[in-house]
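**Q** Protein chains in written order, with the working numbering: chain H, 390 to 536; chain U, 107 to 262.
Hints should not be assumed to be uniformly reliable.
What the hints assert, rightly or not - Straight-line C-alpha distance at most 16 Å; calculated EDC-like pairs for lysine to aspartate or glutamate:
{"hint": "1", "chain 1": "H", "residue 1": "K427", "chain 2": "H", "residue 2": "E493"}
{"hint": "2", "chain 1": "U", "residue 1": "K193", "chain 2": "U", "residue 2": "D261"}
{"hint": "3", "chain 1": "H", "residue 1": "K516", "chain 2": "U", "residue 2": "E228"}
{"hint": "4", "chain 1": "U", "residue 1": "K154", "chain 2": "H", "residue 2": "D416"}
{"hint": "5", "chain 1": "U", "residue 1": "K235", "chain 2": "H", "residue 2": "E440"}
{"hint": "6", "chain 1": "H", "residue 1": "K516", "chain 2": "U", "residue 2": "D233"}
{"hint": "7", "chain 1": "H", "residue 1": "K516", "chain 2": "U", "residue 2": "E239"}
{"hint": "8", "chain 1": "H", "residue 1": "K516", "chain 2": "H", "residue 2": "E440"}
{"hint": "9", "chain 1": "H", "residue 1": "K417", "chain 2": "U", "residue 2": "E153"}
{"hint": "10", "chain 1": "H", "residue 1": "K417", "chain 2": "H", "residue 2": "E533"}
{"hint": "11", "chain 1": "U", "residue 1": "K193", "chain 2": "U", "residue 2": "D251"}
{"hint": "12", "chain 1": "U", "residue 1": "K235", "chain 2": "U", "residue 2": "D261"}
{"hint": "13", "chain 1": "U", "residue 1": "K154", "chain 2": "H", "residue 2": "D418"}
{"hint": "14", "chain 1": "U", "residue 1": "K235", "chain 2": "U", "residue 2": "E214"}
{"hint": "15", "chain 1": "H", "residue 1": "K516", "chain 2": "U", "residue 2": "D238"}
{"hint": "16", "chain 1": "U", "residue 1": "K192", "chain 2": "U", "residue 2": "E239"}
No lab work stands behind these hints, which were simulated from the structure alone.
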Amino acid sequence: MSNGLPPDIDDTTISDSEWLYIRVFPDKDSLIFDQNLKVFRPTTSALKSREQPLSVDLGSLCTPQETRDRDRSFAFHIAAFTAGTARRYGCRVVRDPIQESQNEPENLAHALVFGNHDSGSGGLIPKSQSRKIAHESRIVLLNENAL
Amino acid sequence: MIYPEAITDAATIGARPAIEWQIRGHATTGIEFYPIIQPTWQTALVEKISGYRSLPQNWNSYGSPPPSPVAIQEAIWFVTSMLDEKKPRPRVTPVSGGGIQFEWSFGERQIEIEFLRDGTIEYLLADTKTNDETPGRFDRPSRIDIGRLLSWLIDA
């Protein structure tokens, strides 16, 4: 790709069972309590990314706490979904390790979830893929102060 | 408290927030008027959405701009003009890219209305039982339009 992103070819070395972690803005309305599973999940807005592929961390290379602590500007929740879930809804998962620089600290667990390739944006299809993935996501690290 | 700009916004766009006026006597000036804000979920949402003005760049830690002024204005207009206390309260959150999302879930049905950065309003009706999804776009929804959407949500 010419936009500085890695090629959006699904990385099969990332197994379907790999957990992908993402920070969720701490707001009461960002979470929904699943009465059947007795867990919180994020609302679809947490997984929307129109212009860019979705940034996530690979669960085999870091913990939810490490994902949370990469940015301390807010006390974020951490949501998780599997690479298999993303693939089931047409997404591709690609490794994108970040090397330490003046602008960013190192994050070797960083990966990207590419969505609607027809649009050329790399972003998820906001009204479909994001919703379906959000429904299968779980909050694995809860900021109780935001409830 | 409600922020002053919340009232300004509602007045600017011609909406009617839940404001009543109380008349009190005053020793030197005679009579003064004090606004009384009714504590409804609508006024709480207007306050919440107005607060998005103070979100910083990169609020979501993934580089997103905060909700745009036009998205905030449209969302406040929607709350004050399209919704009332008898309708279900939506979940309201900022969205990556400078927008604001309203979301209702009821049983297996879900409605999303998103106010995009440029002021465009898009929606999605989704039924997880049938896997049906109906996307669409509003130029400027009427109360009848919104009433139909919310009826679809509740009348499953």
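**Q** Decide, hint by hint, whether the structure agrees.
**A** Now for the hints, and whether the structure bears them out:
no. : hint               : in the structure
1   : K427/H with E493/H : violated (37 Å)
2   : K193/U with D261/U : holds (13 Å)
3   : K516/H with E228/U : holds (9 Å)
4   : K154/U with D416/H : holds (10 Å)
5   : K235/U with E440/H : violated (30 Å)
6   : K516/H with D233/U : holds (13 Å)
7   : K516/H with E239/U : holds (9 Å)
8   : K516/H with E440/H : holds (14 Å)
9   : K417/H with E153/U : holds (14 Å)
10  : K417/H with E533/H : holds (10 Å)
11  : K193/U with D251/U : holds (13 Å)
12  : K235/U with D261/U : holds (14 Å)
13  : K154/U with D418/H : holds (11 Å)
14  : K235/U with E214/U : holds (6 Å)
15  : K516/H with D238/U : holds (12 Å)
16  : K192/U with E239/U : violated (26 Å)
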